[in-house]
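A.B. asks: Put chain B on the given structure of chain A with help from the hints.
Protein chains in written order, with my numbering: chain A, 1 to 454; chain B, 1 to 454.
These are computed hints drawn from the structure, not numbers from a lab. Glycine included, every Cβ here is placed at the ideal spot set by N, Cα and C. Incorrect hints may have been included.
These stretches of chain B come out as covered by chain A in the derived footprint (C-beta under 8 Å, 3 or more residues) [as the list claims (entries may be wrong)]:
no., region
1, 131-145
2, 408-418
In silico contact screen, one side only, chain A against chain B (beta carbon under 8 Å); selected entries [as the list claims (entries may be wrong)]:
no., residue
3, Lys3
4, Phe13
5, Asp60
6, Phe64
7, Ser69
8, Tyr85
9, Lys87
10, Met111
11, Asn278
12, Arg412
13, Pro415
14, Val419
15, Ser422
2 protein chains.
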Amino acid sequence: MQKPSLPKGTRDFSPEIMYRRQFIFNTIRQIFERYGFQPMETPALENLSVLTGKYGEEGDQLLFKILNSGDFLSEVQSPDFESGYKKLTPKISEKGLKYDLTVPFARFVVMNRHLLAFPFKRYQIQPVWRADRPQKGRYREFYQCDADVVGTDSLLCEAEIVRMIEEVLAGLGIESFVIKMNNRKILSGLAQIAGAEGKETDLAVAIDKLDKIGIEKVREELVERGFTSENLELLLPVLNLQGNFEEKTSQLEHLFSTSETGKQGLAEVRTVMTYLANMGFEHPNLELDISLARGLSYYTGAIFEVKATGVQIGSLSGGGRYDNLTGAFGLPGVSGVGISFGVDRLYDVMEELGLFPENTAVSTQILITALDDKTFAYGLKVLSLFRENGKRAELYPEPVKLKKQLDYANARNIPFVAVLGSEEQANGEISLKNMLTGEQKRMSIAEAMMSYEL
Amino acid sequence: MQKPSLPKGTRDFSPEIMYRRQFIFNTIRQIFERYGFQPMETPALENLSVLTGKYGEEGDQLLFKILNSGDFLSEVQSPDFESGYKKLTPKISEKGLKYDLTVPFARFVVMNRHLLAFPFKRYQIQPVWRADRPQKGRYREFYQCDADVVGTDSLLCEAEIVRMIEEVLAGLGIESFVIKMNNRKILSGLAQIAGAEGKETDLAVAIDKLDKIGIEKVREELVERGFTSENLELLLPVLNLQGNFEEKTSQLEHLFSTSETGKQGLAEVRTVMTYLANMGFEHPNLELDISLARGLSYYTGAIFEVKATGVQIGSLSGGGRYDNLTGAFGLPGVSGVGISFGVDRLYDVMEELGLFPENTAVSTQILITALDDKTFAYGLKVLSLFRENGKRAELYPEPVKLKKQLDYANARNIPFVAVLGSEEQANGEISLKNMLTGEQKRMSIAEAMMSYEL
Numbered sequence: 001m002q003k004p005s006l007p008k009g010t011r012d013f014s015p016e017i018m019y020r021r022q023f024i025f026n027t028i029r030q031i032f033e034r035y036g037f038q039p040m041e042t043p044a045l046e047n048l049s050v051l052t053g054k055y056g057e058e059g060d061q062l063l064f065k066i067l068n069s070g071d072f073l074s075e076v077q078s079p080d081f082e083s084g085y086k087k088l089t090p091k092i093s094e095k096g097l098k099y100d101l102t103v104p105f106a107r108f109v110v111m112n113r114h115l116l117a118f119p120f121k122r123y124q125i126q127p128v129w130r131a132d133r134p135q136k137g138r139y140r141e142f143y144q145c146d147a148d149v150v151g152t153d154s155l156l157c158e159a160e161i162v163r164m165i166e167e168v169l170a171g172l173g174i175e176s177f178v179i180k181m182n183n184r185k186i187l188s189g190l191a192q193i194a195g196a197e198g199k200e201t202d203l204a205v206a207i208d209k210l211d212k213i214g215i216e217k218v219r220e221e222l223v224e225r226g227f228t229s230e231n232l233e234l235l236l237p238v239l240n241l242q243g244n245f246e247e248k249t250s251q252l253e254h255l256f257s258t259s260e261t262g263k264q265g266l267a268e269v270r271t272v273m274t275y276l277a278n279m280g281f282e283h284p285n286l287e288l289d290i291s292l293a294r295g296l297s298y299y300t301g302a303i304f305e306v307k308a309t310g311v312q313i314g315s316l317s318g319g320g321r322y323d324n325l326t327g328a329f330g331l332p333g334v335s336g337v338g339i340s341f342g343v344d345r346l347y348d349v350m351e352e353l354g355l356f357p358e359n360t361a362v363s364t365q366i367l368i369t370a371l372d373d374k375t376f377a378y379g380l381k382v383l384s385l386f387r388e389n390g391k392r393a394e395l396y397p398e399p400v401k402l403k404k405q406l407d408y409a410n411a412r413n414i415p416f417v418a419v420l421g422s423e424e425q426a427n428g429e430i431s432l433k434n435m436l437t438g439e440q441k442r443m444s445i446a447e448a449m450m451s452y453e454l
Numbered sequence: 001m002q003k004p005s006l007p008k009g010t011r012d013f014s015p016e017i018m019y020r021r022q023f024i025f026n027t028i029r030q031i032f033e034r035y036g037f038q039p040m041e042t043p044a045l046e047n048l049s050v051l052t053g054k055y056g057e058e059g060d061q062l063l064f065k066i067l068n069s070g071d072f073l074s075e076v077q078s079p080d081f082e083s084g085y086k087k088l089t090p091k092i093s094e095k096g097l098k099y100d101l102t103v104p105f106a107r108f109v110v111m112n113r114h115l116l117a118f119p120f121k122r123y124q125i126q127p128v129w130r131a132d133r134p135q136k137g138r139y140r141e142f143y144q145c146d147a148d149v150v151g152t153d154s155l156l157c158e159a160e161i162v163r164m165i166e167e168v169l170a171g172l173g174i175e176s177f178v179i180k181m182n183n184r185k186i187l188s189g190l191a192q193i194a195g196a197e198g199k200e201t202d203l204a205v206a207i208d209k210l211d212k213i214g215i216e217k218v219r220e221e222l223v224e225r226g227f228t229s230e231n232l233e234l235l236l237p238v239l240n241l242q243g244n245f246e247e248k249t250s251q252l253e254h255l256f257s258t259s260e261t262g263k264q265g266l267a268e269v270r271t272v273m274t275y276l277a278n279m280g281f282e283h284p285n286l287e288l289d290i291s292l293a294r295g296l297s298y299y300t301g302a303i304f305e306v307k308a309t310g311v312q313i314g315s316l317s318g319g320g321r322y323d324n325l326t327g328a329f330g331l332p333g334v335s336g337v338g339i340s341f342g343v344d345r346l347y348d349v350m351e352e353l354g355l356f357p358e359n360t361a362v363s364t365q366i367l368i369t370a371l372d373d374k375t376f377a378y379g380l381k382v383l384s385l386f387r388e389n390g391k392r393a394e395l396y397p398e399p400v401k402l403k404k405q406l407d408y409a410n411a412r413n414i415p416f417v418a419v420l421g422s423e424e425q426a427n428g429e430i431s432l433k434n435m436l437t438g439e440q441k442r443m444s445i446a447e448a449m450m451s452y453e454l
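Chain A on its own, in the form it takes in the complex (with noise of 0.2 Å):
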C-alpha cells in the first residue's frame, strides 16, 4: 500500500492553523465590510477562453487546466499528438483553475452587468492556483483575499484603499510596515520626458534596483535596455529622488513641464493625499515610490504595494486601478479599482512576530467526564443542560478511565471539566474541575453556568 500523500505546494489546515487563518480572514472581512464591501464568490472553475491571455505567456503556463471528462480523445487525430503538448492542451482541455480573483470578477461584471448596482464594491475570499514551483512562502493553491470597486474613476477609493490596508494591518497587529504608493502615469510620464516612452517597464525594473547596486551599475543597465545617454540625462534627478511626499512631488512637477500624463499621474497622487488628509488621519507609513511597477501588468492608474519592516518576507498586499479588465470581455470603460491580501505571508509575519492572540480557537467550554455506564446516563443529561444554554459542551464518549479523559481535555485545551460519580449524580450536581489551577469544587450546574462563564 502507497503511504499517502499531498500534491506538492498544498496544504492541510488543521483546526490549530484554520483558527488562526479564520482570525486574519475575519479582521479583513469586517474592515471591507465597514467600507461598504460585499461578499462574493466565482467558481474555481472557469473555461480557459476566459483565463488564457489574461496573466501574459508566463501566466498561461502557470494555469492548471482541467481534462475533459469522458473520452477526451474522441475527437483528437494522430497528427495532433506531433504537434507537441501547447498544440495538444486545447483539444482535450477546455477548463482550468482560476489563477486569481480580479479576472473571474471582471467575467462576473460582465455577465451580470444588467443586474449590479454601479459603483459596485464586492469582496472576496478564496483559493487561486498557479503551477508555479513551490517553494518557501509560495504555494500552488493559496486564499486571496480581494476587494475592489468598479464603476467609478473616483479616488476616494484609493484613498480607502490606503486606510483600509492601515486599518487591516493594525487589527492584526503589524505595527512596522510601508505602504508604497505609486500611479502608471507618473512611469508613463518618465518614459515620456526621457523619450523612451513606452519603456516604463525597462525603467522602473533599473530604478527599483537602485538600493541594492547604486546608481552607476543602473545607467549601465538601462544603456543595456535601449536608453540613450540623452535619455539618461534627463533622468538623473528623478534616479537622486529624495525627501517626504512633498519635496517628491515637487521634483516631479518641474520634471512633467512637457508631459500631460506625468502631471495627471501627479495630481492623481496628490489628490489622493488632499482625500486621506481629509479623513483626519495621519499617514505616517505611505510613501511615494516612483520605483514602484508591480509587472504593470494590467494596471493604469494607481498601484500600490505593502510590505512588513524588520521581517524578511515579500510583500503582504498589493492592488491598483485598471481601466479596461473588463473590456477583454466587450464591456469597455469600466474602471476598476482594487487590493489583494496575501493570507499565507500576513499569516508568516504575525507568527515570526508572535502577533496571533492566545484565544484563536473556538474550544469547547467544558468537558464531562463519566466512568461508568449510570453515569454516562447522567452525564447525557448534564450534557443536554450545558448544551440548551448555547455553550460548547462535549461528553467524552466512554465511561475510561479518569486520567485519558483529562489527558483529551488538556491536548484540546478545554479549560474546565465536570466529573461526575454517584454522590454527583444522586444530588444533581457536578464537580467543576479548573484545569488550569488543577482546582475542583461541587456545585449544581447552574452555578457552574453562571459563575465561570462557561
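C.D. replies: Then chain B, alone, in the frame of chain A:
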C-alpha cells in the same frame, strides 16, 4: 470577441445569495462547534492515487483530473495514444479535484495520526467537484458541510448526529422533515436470515420501492435478483414491517433469533435511542427505516438520511459509520462516523418555504452624499467619524446629482442616507434621511449614531 461564460454546472454567488448561504453555513458551524467539532480544511487538489478506487468505478469516471503541468507529453509514447483515453489518463494526469470531504479527511488522519488527540472531531465546509451531468439541484462544483468523529466506537456519536440534524434544521426554520436511521448490520442480518448473504444491496434497493410499486412487484424484482421462494417466505414479515420504533424492533428481534449480526445491529439502534432518551428530548421526526441503504458504499454501522417533507427536494443530509476508511491508507482499526449537509438542498428548501430571514445581509448602514467638491471634503470627515465608531459607512464616490446617490442607496438596501449641504457643513451636522419612511432631520453626528442604532 467571445461572450464570457461559466463552465456548465458551476455558479457565481452574488452578494445577496452569499449572505443567505453564509446564514446556512454559520448556523451549521455554530452547532458543530457547540458539539465540540473543530474546523479543518484540505486542499482542492489531491493526488489521484488518493482518490481513485474510493468511490467505485462510476466515481472514478466522475473525478475531475488535472493535466500535468509543463510538457505532459514528454514521457508519453505514441502507442499510448492508441490504447484509449483510460490508459492514457494516468500518464498525463497525476492530480484531481476532491470528490467529497471524507476520503481526504481519512488521508489527513492517517498522515497526522501521531499529532491528533483521539477521538478527533472535525468539521469541514468546502467545495467538492464531480463531473456529473448537471441538472436542477445538481452541480459540478458544490459545497459540503461535514462533521466526523474518528477513533471511537461509542454510539454517543450516532446519538449526537441525530441531535445535530435536529438542531441544524430547527436553526434554519425547517420544521417538516424526517430523519431516517438504519444500520448496515440490520441489512446484513436480513440478508442472512433470508439465506441471501452478500445481497444486502439488492435487498435494500427492492425494499426501497415498496411504497411505489407494491409488494407483488417487489417480490418479482427480488426473484429476478436471484432470491428464492424460501428466501422470500422468510423476508415477507420484514416487507410488512409497520409501527413505531418499539414495534418495529420487537418484530426484528423475533426475526433475528438466528442472526448475530442482525441482533448486534438491533442492539446498536436501541442504544442510540436510549442515549437520545437520556438526553431528554423527543424525536418525533426520527424513524427506523430498514430500507435505507445509501448505496452502502463504505458504511459498516449506522446509516442516516434526512428529507424535508412537503417539498420535492432530495435528501438534505446523510451519513453513517464507517469502520475501515483509513484502512485504505494503511491504518486499519480506526472507526469513524459522520454527517454531511448539502447546502444547495438546504438553500432550495428554505427558499421554497420562504424561510430566509429578511436581514441576512451585512449591509452598509449609512450612505453619505455630497453635492459638490466642498461638501465632499466634509463628507470625508463625516465618513471617518462613522467608521471610527465601527459603523459600516460609505461616501458616494462622486458628488453627482442626489437622485443618483439615493438610487444607489435603494439598490443596495442602505437604510439611512446623510445629506450634506453647506449649512450642515457649517454646523458640523448632517441631514439624516430614513430611506424607509422618507423622513429627513438635521442633527449632530453623535445624535445620529446614538438615536438610530447606526
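A.B. asks: Could you run down the list of hints and mark each one as holding or not?
C.D. replies: Here's how the hints hold up against the structure:
1. 131-145: Our answer is that it holds, as 3 residues pass the Cβ test (under 8 Å) against chain A, meeting three.
2. 408-418: It holds, with 3 qualifying residues against the three required.
3. Lys3: Where the cut-off is 8 Å and the nearest Cβ of chain B is about 7 Å from Lys3(A), the hint holds.
4. Phe13: The hint holds - Phe13(A) has a Cβ within 8 Å of chain B, the shortest such distance being about 4 Å.
5. Asp60: violated (11 Å)
6. Phe64: holds (5 Å)
7. Ser69: holds (4 Å)
8. Tyr85: The hint holds - Tyr85(A) has a Cβ within 8 Å of chain B, the shortest such distance being about 4 Å.
9. Lys87: violated (10 Å)
10. Met111: holds (6 Å)
11. Asn278: holds (4 Å)
12. Arg412: holds (6 Å)
13. Pro415: With Cβ-Cβ at 13 Å, over 8 Å, it is violated.
14. Val419: At about 18 Å, which exceeds the 8 Å cut-off, the nearest Cβ of chain B leaves the hint on Val419(A) violated.
15. Ser422: For Ser422(A), the interface hint is violated, since the closest Cβ of chain B sits about 16 Å away, which is over 8 Å.
Of the numbered hints given earlier, the model fails hints 5, 9, 13, 14, 15; all others are met.
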